[in-house]
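In the order they appear, the protein sequences are chains F and G. Going by our numbering, the first residue of the first sequence is number 1, and it counts up by one from there. Going by our numbering, the first residue of the second sequence is number 1, and it counts up by one from there.
Bear in mind the hints are in silico, worked out from the structure with no lab data behind them. Built from N, CA and C at the ideal position, the CB exists for glycine as well. Among the clues, some could well be false.
Said to hold, decoys possible - Simulated restraints, written as ranges between beta carbons of each label pair:
1. G/Asp67 with F/Leu103: 27 to 37 Å
2. G/Gly126 with F/Ser102: 40 to 50 Å
3. G/Gln172 with F/Arg109: 50 to 60 Å
4. F/Ala119 with G/Arg168: 58 to 68 Å
5. G/Glu66 with F/Ala122: 53 to 63 Å
6. F/Leu110 with G/Arg166: 27 to 37 Å
7. G/Asp231 with F/Leu103: 58 to 68 Å
8. F/Leu103 with G/Arg180: 29 to 39 Å
Unchecked claim - Partial chain F-side listing against chain G, Cβ under 8 Å, derived:
9. Asp30
10. Leu36
11. Glu112
12. Thr116
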Amino acid sequence: MTDPIANRLGSLPSRSAPPYNQPSTANLADILERVLDKGIVIAGDIQINLLDIELLTIKLRLLIASVDKAKEMGIDWWEHDPSLSSRARRTPSLDDARGTSSLEEENRRLREQIETLRADAALAPAEEPEAGAAPSPARPKRSTTRARPTRGDP
Amino acid sequence: MTAGSLVYVYAVAREPAATLVTMAGTLTGVAGSPVHLVLRSPALAAVVSPVPERDFHETALRRHLEDLGWLEALARAHHGVIEAFSTHATVLPLRLATVYRDDDRVRAVLHDRQGLFLDRLGRLDGHVELGVKIYVDRGSDTPSEPAPPAASSSDPPLGPGRSYLRHRRAEQDSRNDAERAAERAAERIEATARAHAVERARHRIQEGELATAPGVNVSNDAYLVPAAHADAFRAEALRSTDGLTGVRVDVTGPWAPYSFAGLPEPDPPGSAP
């Protein structure tokens, strides 16, 4: 792993400093764990807090914890971004939430349709018992006639 | 500040002693640039260094941070500077990649947040962070994998099915034993923490790409310990696995108090008054 890093260093020759008191065994996971997730966030001029979001794309569960921390500090804009949060769908206020609000619209229409279908169906079952009343007298007999077990019950 | 460069802030410290000022002059930070202090008289100083704007403006940073190699270099540089200062003074580490336009903006933040910074620094004064990780050694059951053939040769009556089941049983037993041992170790560490530590932070269990240590990490805590107690705490934590098999304790640090620099934890259950 050291080689690719050394190659990438180009603009970032970071570790020319001597090993301080720092334990040489400090592994990357420990450092990232502390450096990323902890410490105080002061909202820098540059929206560095994006860092918290972008880390979601790094497939390391270790790093995702920083989102909680940022939220604690009141940085939560990703909650309104539908591509990052499912909760944003409930508040279709932004322009980019149009896609989800149209989904919502469709949902509502479908729900209405179901309601009307159900209202229609509410009449049908009222008739059904009478239609099904014919076979029901045969039922006591059925317990003895095992030849017709597939007949559906109402 | 020249055009095209931003100010990267590592940490905040109390108004520095002369040693800190000279120390800043000797350090190299992120992007290989020299570290200096931004002072906010009379109380606070920020440890900063210039960074190239082309790498640290918003979009570039987003792109870079997905590159684990770049992230590692940045994190190590960040950590190096904070570590160096924390050996001489109480510092409040800021989160990775806190970047301002120029020194004046940093000064303004020091001014605005002075109360917050001083409060945190006071809480961390004279304390260090120690990391304690407990590993269950799954390695102990892998070597037993090739054992069945040997066992069956010494025990001829065992059929392949029986020997497989026996092997599975042994495996499960050793796993259960290891988990019990880990619990026992955790209890002992908790007792140690009650004696020495003032605060605890729970970290996520390390797994995946970055977890390079052998065994399975089952607990990953950080403790805020008075500097005078650090050695005793470390020794006792390491002793917590005495007489236990299949479990290993790893103590890291002393660290700058990264895990305790943020807002106070709402429920520090392991903390002692």
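Hints and how they fare:
1. G/Asp67 with F/Leu103: 27 to 37 Å: 34 Å, holds
2. G/Gly126 with F/Ser102: 40 to 50 Å: 59 Å, violated
3. G/Gln172 with F/Arg109: 50 to 60 Å: 55 Å, holds
4. F/Ala119 with G/Arg168: 58 to 68 Å: Check passed, 59 Å falls within 58 to 68 Å.
5. G/Glu66 with F/Ala122: 53 to 63 Å: 55 Å, holds
6. F/Leu110 with G/Arg166: 27 to 37 Å: Given a distance of about 58 Å, which is not inside 27 to 37 Å, the answer is violated.
7. G/Asp231 with F/Leu103: 58 to 68 Å: Holds, since G/Asp231 and F/Leu103 (Cβ atoms, about 60 Å apart) stay within the stated range.
8. F/Leu103 with G/Arg180: 29 to 39 Å: 51 Å, violated
9. Asp30: 5 Å, holds
10. Leu36: Holds - the Cβ of F/Leu36 comes within 8 Å of chain G, reaching about 5 Å at its closest.
11. Glu112: 42 Å, violated
12. Thr116: 48 Å, violated
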